[in-house]
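**Student:** Spelled out from the first residue to the last, the chains are:
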Amino acid sequence: GESVGLHLPTLSVQEGDNSIINCAYSNSASDYFIWYKQESGKGPQFIIDIRSNMDKRQGQRVTVLLNKTVKHLSLQIAATQPGDSAVYFCAENSGGSNYKLTFGKGTLLTVNP
Amino acid sequence: DVKVTQSSRYLVKRTGEKVFLECVQDMDHENMFWYRQDPGLGLRLIYFSYDVKMKEKGDIPEGYSVSREKKERFSLILESASTNQTSMYLCASGDWVEQYFGPGTRLTVT
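These protein sequence lines map, in sequence, to chains A and B. Residues 1 to 113, numbered by the numbering used here, are exactly what the first sequence covers, in order. Residues 1 to 110, numbered by the numbering used here, are exactly what the second sequence covers, in order.
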């Protein structure tokens with residue numbers, strides 16, 4: 001079946017550096033790609049989404065890039081802060097008649113002071 | 001501030017017990033969801049509801065049922081708890097892109 005996966009299970013960066021979290025997907029029919037952040041002891045929190053007809057979208061300190069040619073999604077966090085330490089999940093909405101949000105397995109981001 | 005609340009943060013039950021997990025949202029969302037989260041497996045959809053008294057199976061519905069009698073409340077029921085249902089259970093409301101999650105219930109079945 002279709003799946004959403006991550007290249008790196010853990011990522012450690014220095015405070016102030018930029019972080020890049022990667023995700024591979026296999027369902028070329030997905031309509032939306034989404035990033036969620038889960039801090040310790042909390043439920044996931046929506047960060048940003050990108051529609052399949054776009055290749056870049058920017059938010060506050062975050063940028064999501066979508067490369068449909070290689071089925072790759074990335075989340076860039078500028079000037080990473082200790083509060084960015086969390087598990088980051090990519091997710092896809094397969095759209096069509098199957099409106100299901102499928103989550104990847106997550107990447108743990110640790111920001112060192 | 002939008003909010004999804006879950007009835008318990010931690011729960012310990014015995015094998016064979018009937019377990020109710022309650023979820024309430026205050027955002028007037030049509031859709032509500034139940035996921036379980038396990039290490040290495042991410043979030044998996046158990047059931048969702050798109051309206052009062054309506055429900056649809058997710059990826060792993062076996063061993064679970066749900067109830068949506070009021071728009072703001074979505075309950076997950078384990079008819080006869082088993083040890084393989086030990087997990088973190090997350091409730092959410094929203095649409096198919098942006099979902100608001102509760103803090104989770106960590107259920108242990110012994």
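I should point out that these hints are in silico values taken from the structure, not numbers from a laboratory. Note that this is a predicted model, so its numbers are computed, not measured. Heads up, a few of these hints could be off.
Claimed, not checked - Straight-line distance between alpha carbons at most 27 Å, and here's what the computed BS3-like set of lysine-lysine pairs gives: (1) A:Lys100 - B:Lys71; (2) B:Lys3 - A:Lys42; (3) B:Lys57 - A:Lys105; (4) A:Lys42 - B:Lys71; (5) B:Lys13 - A:Lys42.
Stated by the list, open to error - Anything over 12 Å on all C-beta distances counts as not near chain A; from chain B, calculated: (6) Val19; (7) Lys55; (8) Arg68; (9) Gln85; (10) Glu98.
A virtual CB, placed ideally from N, CA and C, is assigned to each residue, including glycine.
**Student:** For every hint, state whether the structure bears it out.
**Tutor:** Each hint, compared with the structure:
1. A:Lys100 - B:Lys71: holds (20 Å)
2. B:Lys3 - A:Lys42: It holds: about 12 Å lies between the C-alpha atoms, which stays within 27 Å.
3. B:Lys57 - A:Lys105: holds (21 Å)
4. A:Lys42 - B:Lys71: holds (24 Å)
5. B:Lys13 - A:Lys42: holds (22 Å)
6. Val19: holds (19 Å)
7. Lys55: holds (14 Å)
8. Arg68: At about 17 Å from chain A, arginine 68 of chain B clears the 12 Å cut-off, so the statement holds.
9. Gln85: Label holds. Min Cβ-Cβ 19 Å, cutoff 12 Å.
10. Glu98: violated (5 Å)
When the structure is compared with the earlier hints, a violation turns up for hint 10 alone.
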